[in-house]
Amino acid sequence: MENRETRLISGKGQYADDLDFPGMAHLVFVGSPHAHAVIKRLEVDKALKVPGVLTVITGQEMVKYTNPLPVQANFKSKGWTWRLAHVYAMPKDKVRWYGEPVAAVVAEDEKTARKAADLVEVEYEPLAVTGNALEALEPDAPKLYDDWEDNKQVHLKFDFGEPETAFEEADQVMHIKTREGRVTGLPIEGRGCVANYNLKKDTLEMWGSFQTPYLARHNIAATLGMPEVKVKINAVDIGGAFGLKIHAWKENVVALASKLTGRHVKWFEPQKDFIVTGPHQRDVFWEGDVAFKNDGTLLGVKATVTHDLGVESTNKGIAALSIFPACSAVPNMYRWKGMHIEGVGAATNKSFYCAYRGYGKDKGIKFIEHALNQIARKLGMTPEAIRLKNYIQPDEFPYHQINSYVYDSGDYPGTLKKALDMANVDEVRAKKEQYLKEGKYIGVGVISAIEPAGVAVPNCQMGGITQARVQITADGTIEVHSDRTEIGQGSEASHAIIVSNILGCNREDVLVKPVTSDYIGQGPLSSRGAVYPASAVAKAAKILKKKVSQCAAAFLKVDEASLVMEGGLIFSSNNPDEKLTYKELAEKSYFFPGPRGLPPEILKNHDHLLDVTTTWYSPTTPDSGSSYTSFCTSADVAVVEVDIDTGATKIIKYAHVHDAGTIIDKQIVDGQIHGGIVQGIGEALSERLDYNEKGQLMTSSFSTYLIPTAVEAPDIEVAHLETPSPFTETGSKGMGEAPIIGSKAVILAAIEDALTPFNIEVNESPATPERVRSWIVAARKEQEESK
Amino acid sequence: MTDGHFRQISFTINDRERRLRVDIRKSLAEVLREDLGLIGLKQGCGVGECGACSVMVDDVLVDSCIYLALWADGKQIRTVEGEARDGKPSKVQQAYVDEGAVQCGFCTPGFIMATTSFVEKCKGKNVSPGDIRKAHAGNLCRCTGYQNIFTAIEKSIESD
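Here the protein sequences come in this chain order: A and B. If you count the first sequence from 1, position 736 lands on 735 in numbering that gives the first Met the number 0, and the numbers rise without skipping. If you count the second sequence from 1, position 76 lands on 75 in numbering that gives the first Met the number 0, and the numbers rise without skipping.
Everything labelled a hint here was simulated from the structure, so no lab data went into it. C-beta: ideal position from N, C-alpha, C; glycine also. Watch out, some of these pointers could steer you wrong.
Said to hold, decoys possible - Now the stretches of chain B that chain A is said to cover, found in silico as 3 or more residues with beta-carbon under 8 angstroms:
no., segment
1, 38-45
2, 48-57
3, 71-81
4, 99-111
5, 126-135
6, 141-148
The following block holds chain A by itself, in its conformation from the complex:
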């Protein structure tokens, strides 16, 4: 069978924008030019008069025909602040962020819909804008939601271990402040879908860029007030997701449009809309104290992280949920006595927060890694020395971290040492003086990180649900189903490898099916692919292998224990000449088992059906409360040169050592590492969502929101360690996020090291050339003044 990659290089991809159905209508949205305003009047008559326009949907229709967006995460009961807003897919009377859709025009073709969209007349009464999290928490800040006391959406408080003892035992305490800018994941493809409501059957089917079809079905059915059984969601080829396509938001409007017009309705989002009205991330302020001993032993942290969440997430509660990992990731891979971490989330007039590679884990780790570098500098230690002193050791696994995470396996010192060797750190440092004499500002950054992967949190839609099915069809080809959509992270290839390895069948005979809502699961998010779905697939294949053995032993009249399955053949080691192909086995099992049929014990148990559906759940989460099952580790070492005249940073060397447990496919893992690292580099150096004082987003295109191009991407050297996870079926760990966690921190650390002569603490990202220049100018001024 033609594999996915061969299909895609031939131009045979079927992405949302490629969907075409006879009589398909097109939908486009009309966005608000204001960040906060009352909708005084909304006239659609002129738009409706344009020939070819079928209907115009506004907030009025959403309120009339649909329910508010459903709650996806709820932690109200814990004695924390946890507020959710009552919002519809489009608002009726008030807009709360720039670009918020207020109307959707449906027409025979997209051009007509766009023309008519320009004729939708809206009269707004602008309101005061709440521009950032710190402003939003001021007592007199304009409120976003009338029924909330203030703009504070979330306030979580965690005590890990014994924070008070930690600070009592400390020789020193250091105050640390960091700030991360607002970014977005920005796959090259925006979101899109086609909805078809069948009037006769009262059913709804949708096709599109759904990262999580099962959750999308639940949420769309709830919004439209339809029973879930009447809704089916199909994922098509997805042009990148990174967490940004777990949505069921504008999709509700598309579904309603189909219901109201009785037509297939397509919506494909322009890239600008994806940035302006898409999920955002980061945008946090950290402030706190770190306690340690004079010899570099780490003891404790007391810190607060304040998030600018934007408006209520269209995945209601999921934005707020990302504050949990931000707080819980702070201990990273070190031994601690205790921590008190608070996570605050404020609602502001910006686009909503949702999942993006990292989902908070990155924030906690970036903060603590920055703190470690400051402490090391103060104590005259190298960044690696302080880490090696505090690492959890290879013989301590499984390790119960103070935050309840159960670390599965790893070799933290080995990982870091390897990365330091690869980057020739000693050599670079030895030449630093010389470089400075030549006017070259060269710096070395060192970061190490765990990647908590495979999330399962109760009280939300990320509870750890997953389902997989492996079936040998009657012609011996094998189909695999799961909740793990292919978003470019190699789901299909990984599952085919896992199944063919277990069954000993040919990989090209395994077809991993596109994901639909027919299979239960929360999809590939939080690097759960190699944890939950892959484990479920492996488990199903192992059960199926037993069935294959039973049937094959009966047909070959041999002892089951003597069976060998390899290269697509099944035979007894006692009689290798008599072989069954999978085709023969399947045909016999299903249709031609011989005159006496299969043995009665197989038939009675219905075991002759070569089809297994199963589920998988973490062996550690239920007892420990650890919301993650596997902990991939990585070490990043970067060497950069900062041009102090332009403020530009050039990456000279980049080394990354990765331990994702047992590797299913090295090329896929390497691809994830490369991609994550370069995304992190973008975040560290150039990507920024900048809003003006009116709350309008100023960076809404590829020419203003600067993701790395081929020119900025450095050569990346990757090496692997493999310490298998004892907690997953394959020994693999979830991966894909560690690279972005490490890279966005290591570049800043390297810049800080390069700017040592100026004594600059690089605690703000992105480190754009302008910003680096401003630091240098300020530092020089300070140095001159102190002379």
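Knowing the structure of chain A, use the given hints to seat chain B on it.
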């Protein structure tokens, strides 16, 4: 010959002559995708920034989303669909598969045309990693970090 918003033009598309009546306001990307069903090229940004719609017009790589279909009159167009020969992927296409340069695949058709154009232009010349990077700076990829794409490009040059 113009008739209202329409004009009769002809071009060669993947070695096939086509005469068609095009809307003079349409981009080449729209005509290829909507009128000719060549959906291999992707519309990413629609404003010539991402390169997902890259095709070759008279051997020059263009962003077909900001190139009027009208301008292609009398020219030769190549798209990703025409690169395979006798059912076999081109060297560039095969290198992208072999080197793991395809992740989500959305930018891939544009990249394949960019690499094809680059490899053909560089035939017999020495090419530096910097040349490779610059030649592909107009094609954005968010998944691969470009590393495996670079390897695929190098391999395409070697095998050419």
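Hint-by-hint comparison with the structure:
Counting residues of the segment 38-45 of chain B whose beta carbon lies closer than 8 angstroms to any beta carbon of chain A gives 8, which reaches the threshold of three, so the coverage claim holds. Counting residues of the segment 48-57 of chain B whose beta carbon lies closer than 8 angstroms to any beta carbon of chain A gives 3, which meets the minimum of three for the stated coverage. Judged by the Cβ-Cβ criterion of 8 angstroms, the segment 71-81 of chain B is covered by chain A as claimed, because 3 of its residues qualify and three suffice. Figure legend: the segment 99-111 of chain B, annotated as covered by chain A; annotation consistent (10 residues with Cβ-Cβ distances under 8 angstroms, at least 3 required).
Coverage of a stretch by a chain is defined here by at least three residues with a beta carbon nearer than 8 angstroms to that chain's beta carbons; for the segment 126-135 of chain B and chain A the count is 5, and the condition holds. Only residues whose C-beta sits within less than 8 angstroms of a C-beta in chain A count toward coverage, and the segment 141-148 of chain B has 8 of them, enough to reach three; the restraint holds.
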